[in-house]
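Each residue of the sequence shown is one higher than the one before, counting from 10 in our numbering.
Don't take each hint at face value.
In the EDC-like style, the derived pairs of lysine to aspartate or glutamate whose C-alpha atoms are separated by at most 16 Å in a straight line are [claimed, not checked]:
hint : residue 1 : residue 2
1    : Lys-171   : Asp-224
2    : Lys-216   : Asp-190
3    : Lys-216   : Asp-200
4    : Lys-216   : Glu-168
5    : Lys-91    : Glu-43
6    : Lys-248   : Glu-198
7    : Lys-171   : Glu-138
8    : Lys-78    : Asp-68
9    : Lys-142   : Glu-105
10   : Lys-91    : Glu-129
11   : Lys-279   : Glu-260
12   : Lys-264   : Glu-118
Keep in mind the hints are simulated off the structure, nothing from the lab. Quantities reported herein were computed from a predicted structural model and do not represent experimental measurements.
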Amino acid sequence: MGSCFSCCNLITIHVVLKLPHGQKGLIYHNGAFEPMESVQNWVQSLYSSGWTGWAAYNDETTVTNKKTKGHCKGVVTWNTSKIGWLIHSVPHFPTEITSTSISPILPSELIYGQSFVYLEMPYSKERLETILKQIEWMDANLFLQTNMPIPPSYFSVTEIKKMIISSTITHYSKPSHHIMDIYGEHLCELDKSTWYVETWRRGSTIKTVTPNLHDVKTLGWFAVNYKESQDHSKWAVSKHHVWIGDLNRMESQMKRGGGGVVIRDAAMVKAFRGLIIN
10 MGSCFSCCNL ITIHVVLKLP HGQKGLIYHN GAFEPMESVQ NWVQSLYSSG WTGWAAYNDE
70 TTVTNKKTKG HCKGVVTWNT SKIGWLIHSV PHFPTEITST SISPILPSEL IYGQSFVYLE
130 MPYSKERLET ILKQIEWMDA NLFLQTNMPI PPSYFSVTEI KKMIISSTIT HYSKPSHHIM
190 DIYGEHLCEL DKSTWYVETW RRGSTIKTVT PNLHDVKTLG WFAVNYKESQ DHSKWAVSKH
250 HVWIGDLNRM ESQMKRGGGG VVIRDAAMVK AFRGLIIN
């Protein structure tokens, strides 16, 4: 089941990877990754547009004691002209949002690598409500809500919901009651070429062998090399697609809600594959 908004091409996308140990990162631009001095400054720049409504969700936050079964992190913002949707991997972020600012990433969360994808699109009531339904379906821990509409929920069946954002970008949402490896059982079926998966892997590893899936162990960009154990990012790349999302490839995560975006972009695929050492 899915909703389609691909009729409009006015979608902008920013993809950023924070490198371990500090604020420096990589931003995808014109077919390649380029160095970024401060991921912190980039995040701040997204929230100076005069937003009138917002909703943050994060499975790790001190702002609320509420817990849900979702393992997903993001911020949705909107006004009468546009919607912004940031999907990220940073725990304890944000702690505050205003119409023109957002709290900084905490110093403790700058130790590991992190992933970010920011989508900006024209506002429509239906589009905003569908985004919020996708988030709710992941059992997300919503907080810091301002002027948030309450859309009708999806019909409760065990399936992955999708939202077609453009002809090349689709968001997928897995509920916690759908117990599965979203990488091996969903992405590898969606695109049967080989997927290279970079996620935080702790605890019990997934024992099922998926022939067209390989877990990334080491990454590099010019003189900067780092291991998956230093990286809290959640992304994957195949022959035709890039995935940036919420879930880690671990057995315990099969019982968590989460999702991500699949992007079809040949140059972006090449850029991501170029980061993989083994």
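Comparing the hints with the structure gives:
Among the hinted pairs, Lys-171 with Asp-224 is inconsistent with the structure: their alpha-carbon atoms are about 25 Å apart, more than 16 Å. Note on Lys-216 and Asp-190: the hinted pairing holds, with a Cα-Cα distance of about 11 Å set against a maximum of 16 Å. Pair hint Lys-216 plus Asp-200 does not hold up; C-alpha atoms about 21 Å apart against a cutoff of 16 Å. Restraint check for Lys-216 and Glu-168: the C-alpha separation of about 22 Å exceeds 16 Å, so the hint is violated.
For the given pair, Lys-91 sits about 27 Å from Glu-43 by alpha-carbon distance, which is inconsistent with the 16 Å threshold. Taking the CA atoms of Lys-248 and Glu-198, the gap is about 13 Å. The hint holds against a cut of 16 Å. Of the supplied pair hints, the one linking Lys-171 and Glu-138 holds, its CA atoms being roughly 13 Å apart against a limit of 16 Å. A distance of roughly 8 Å separates the Cα atoms of Lys-78 and Asp-68; the hinted pair therefore holds under the 16 Å criterion.
For a cut-off of 16 Å, the pair hint linking Lys-142 to Glu-105 is broken: about 23 Å separates their Cα positions. For the given pair, Lys-91 sits about 7 Å from Glu-129 by alpha-carbon distance, which is consistent with the 16 Å threshold. Between the alpha carbons of Lys-279 and Glu-260 the distance comes to roughly 29 Å, so the proposed pair goes past 16 Å and is violated. Annotation: proposed proximity of Lys-264 to Glu-118 is violated, straight-line Cα distance about 25 Å (limit 16 Å).
Hints 1, 3, 4, 5, 9, 11, 12, counting from the list given before, are not met by this structure.
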